[in-house]
Amino acid sequence: MKKNKLILFCIALLLFTQQANAGFPIGKGRWLLVPTFNHYVASSYWDDNRTLHSFDKSGRFVSNYLGVYGGYGINRDLEFIFKVPFISNTYTDTTLIEPNSGIGDVNIGLCYYLSHYDYFRHLSLTGTLIIPFYSNQTDVYKHTLLGYGAMGIEAKLGYAGTNQKVLKKTFYDLEVGVRQYFATEGPTQLFTNLTFGVPIDESWKACATLRGVTSSSPYGNISSNFVASTVNREYDYLRFELAAGVKATRSTSIWLSVYTDILGKHIGKGSGYSIFAVIKF
Amino acid sequence: MRIKTIILSIFYPNKWTLILATCLLLSNTVLFSQNITSPNSIYVRPFKKNGIFYSKGSVGFILKLLSNCAERQRGTVAIEIKNAVNGIVYHDNISLYINSKGYYTKDLNLGKLGLLSGIYTIYFNVTTNAGNSQNHFSFIVDPDNAAIKSYRPADFSTFWDEAKKDLAAINPYFQVKKRSDLSTSHADVFTVEFQSLDNITIRGYLTIPNKKGLFPVMCMFPDYVTEMKPEFISNTAVLSVNVRGIGTSRDKIKADFAQYMNVDANNKKKFIYRGVYMDCYRSIDFLMKNGSGLGIDTTKILLKGVGQGAGLCAVTAVLIPNIKGIIMERPLFLDIRDMIANAENTKPANWPASAMMEYLSGKITAISKEMYLKNWDYFDPVNFAPYIGCPILYGFAYRSKMTPSICHLSFLAQLRVESKDIITCNECENELDNKFYGFQGTWINEVLNIP
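The listed protein sequences correspond, in order, to chains X and H.
Each step along the first sequence adds one to the number in the numbering used here, with nothing skipped, and position 239 is 239.
Each step along the second sequence adds one to the number in the numbering used here, with nothing skipped, and position 170 is 1170.
Calculated directly from the structure, the hints in this document are not laboratory data.
If you're wondering where the values come from, they're calculated on a predicted model, not measured in any experiment.
Do not take every clue at face value.
Said to hold, decoys possible - Reference excerpt, derived from the structure (chain X facing chain H, CB under 8 Å, subset only):
1) PRO25
2) LYS28
3) GLU98
4) SER101
5) TYR119
6) PHE281
As the list claims (entries may be wrong) - Here are a few chain X residues that sit away from chain H, every Cβ distance over 12 Å (derived from the structure):
7) ASP47
8) HIS53
9) ASP93
10) ILE103
11) ILE131
12) MET151
13) ALA208
14) ALA244
15) LEU256
16) VAL278
Built from N, CA and C at the ideal position, the CB exists for glycine as well.
Please work from the sequences and hints to get the whole structure.
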């Protein structure tokens, strides 16, 4: 059961790593807002040997996320970005109902474009400060913590573009990054998001995304610190996502995505959907 | 199970795999101007983006040679910088040694040369025991302080005020007809017709997205004797204008490719471009007066032109205020004085200067060169440049033989507007590369405030 607690937590944490249009420039003096609703359900987990098990006592973890990701183009090469998440987690089994909700890790940062090449492709470096807007009460919440409860930083290299010759007008957004939390036990996380998209017509687009995360800590998942001992720091997973979007107005498009965890180690296996709008002005 | 193991081996045992894959992908992106020739490939990257150095002290390049042959090479790199009139302003020889399939790099900090404002070309000639390789790169130094050669006539403003007055006396009789046969599922196409100077009928095409709301509009002017067709741009209306003597506006003027530029060039009040400029003026007048009723946001008018059309944009933006921005792609007919001077030193002379010189030679109509140039001074976009008050996107090819680089510098030096973006292509002669077209989309969105 203890293992299950560890497994559940990190799923909610990682749900809000998704950022639409992250690799493409916002534009000088313009805003991008991406309000998002995300629903995730998990009822099983992978153990250390990548073997899948059901949660004990018919356990079920549900996470709802409502947040906004946004950015402002300071100039053509520099953007201010932010993300404010509100999270509601609930764990239930035959003996327990444990809800927890609140503002999660707020992110603020800067994105700098190292090169725009021919302006159909963009190479960017993003630095983000992770600020927890909650404190972990592990005596109350065993399964539904909102995050690591520690400050952190993230550095991400992005390469995004639109193909002009082969597979004309298809687009891609490739990201690799590292995230470090300022706690004795870390963890350090490497992540990647690989997106490939196709325009269906002038209004509709569809894309597929593969997301991978590997998290590690010098202390593993064992710590003398009680709070630290309840969180999952050693895990990895791979998630596949399909999304479709339609241009609703000249400045707004609406997207729906569905996703599922396909591989993992010491982490919950779940699936979910998200609805988000991409608003530019 | 085996497939799963393979996937796992990609993502889990080696967490750096993805990072490496991305780095490999990025490494395929060419950051350098390159010329792959045997036995060495020569790559040149300027210290400043685009090869435009806004201060004399910042001039410099990174030179990189990649050996294409298996043998070791010893030799020299001869470096030569020439100015716009092919005068040598710098020369140096550097010894080099390259291992088999090796490489050689050198930072060339040329700031100490104190190059004067102008356009230059740096030539690299690599000679080794394996053979010879060459490449060159053109660049601009301190464009904001280039010497301004002003040939603007004293009565320049009066001349154009009179032209506008003559145009005002002609009733435009604007006509708009929907063309269902040309319309698409996303845009309605209309033919536009009006009367212009000398009572000549001008025609064009207007495409408007068939959605609700007001759309910004791009007015496109034609290249030299090149017919305009309906143009479609997402979320933007487009007016494509066939000025007099071009495409669908050839009722009265039917000059061919060779003659067009010199029609009545001996009389500035009858010169074809006086009418052409007024055709452009009336096109914008049409949009201002009729745009709102057609679903066009008349506060967001953008002008775009290629070749001759680029100059028409510059002129129109001066004759009519409140233009949001102009896109000048590979301008032609720019700084005619320098263009002809350059052609006189080039054998054979390049078009269009060659056609002007042929006209001046008297084979068609006799007129003195000085008179010809004085007439052109009223029409040369260079003389309009200081009065352009809107953002400008300017793209040109360094290797163009039709418009020598010095002509571009003359125009750019005259610009007083703050918001100017200059995109150059070093390898191009009669076209621009993706860098221009990619940036153009970003620039249009910025200028027209399109989300």
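To see whether the hints hold, each was checked on the structure:
1. Nearest Cβ of chain H to the Cβ of PRO25(X): about 7 Å, under the 8 Å cut. The hint holds.
2. The restraint placing LYS28(X) at the interface with chain H holds, with a minimum CB-CB distance near 6 Å, inside the 8 Å limit.
3. About 31 Å separates the beta-carbon of GLU98(X) from the nearest beta-carbon of chain H, more than 8 Å, and the hint is not met.
4. Below 8 Å, beta-carbon pairs count as interface contacts, and SER101(X) has none with chain H, the closest being about 32 Å; its hint is therefore violated.
5. Of the supplied interface hints, the one on TYR119(X) holds, with its beta-carbon coming within about 3 Å of a beta-carbon of chain H, less than 8 Å.
6. Proximity of PHE281(X) to chain H holds as hinted, the smallest CB-CB distance being about 6 Å (cut-off 8 Å).
7. Distance to chain H confirms ASP47(X) as a non-interface residue, since its nearest Cβ pair spans about 14 Å, more than 12 Å.
8. Every Cβ of chain H is farther than 12 Å from the Cβ of HIS53(X); the closest lies at roughly 17 Å, confirming the non-interface assignment.
9. No beta-carbon of chain H is positioned within 12 Å of the beta-carbon of ASP93(X); the least distance is around 29 Å.
10. Distance to chain H confirms ILE103(X) as a non-interface residue, since its nearest Cβ pair spans about 28 Å, more than 12 Å.
11. The claim that ILE131(X) is not at the interface with chain H holds, since no C-beta of that chain comes within 12 Å of its own (minimum 26 Å).
12. Separation of MET151(X) from chain H is adequate, the least Cβ-Cβ distance of about 24 Å exceeding the 12 Å criterion.
13. A cut-off of 12 Å between C-beta atoms confirms that ALA208(X) is not in contact with chain H; the least separation is 15 Å.
14. Consistency note on ALA244(X): stated as away from chain H, and its beta-carbon is indeed over 12 Å from all of that chain's, at 19 Å minimum.
15. No beta-carbon of chain H is positioned within 12 Å of the beta-carbon of LEU256(X); the least distance is around 21 Å.
16. At roughly 10 Å from the closest C-beta of chain H, the C-beta of VAL278(X) falls inside 12 Å, breaking its exclusion from the interface.
Hint check: violations occur at hints 3, 4, 16; the rest are consistent with the structure.
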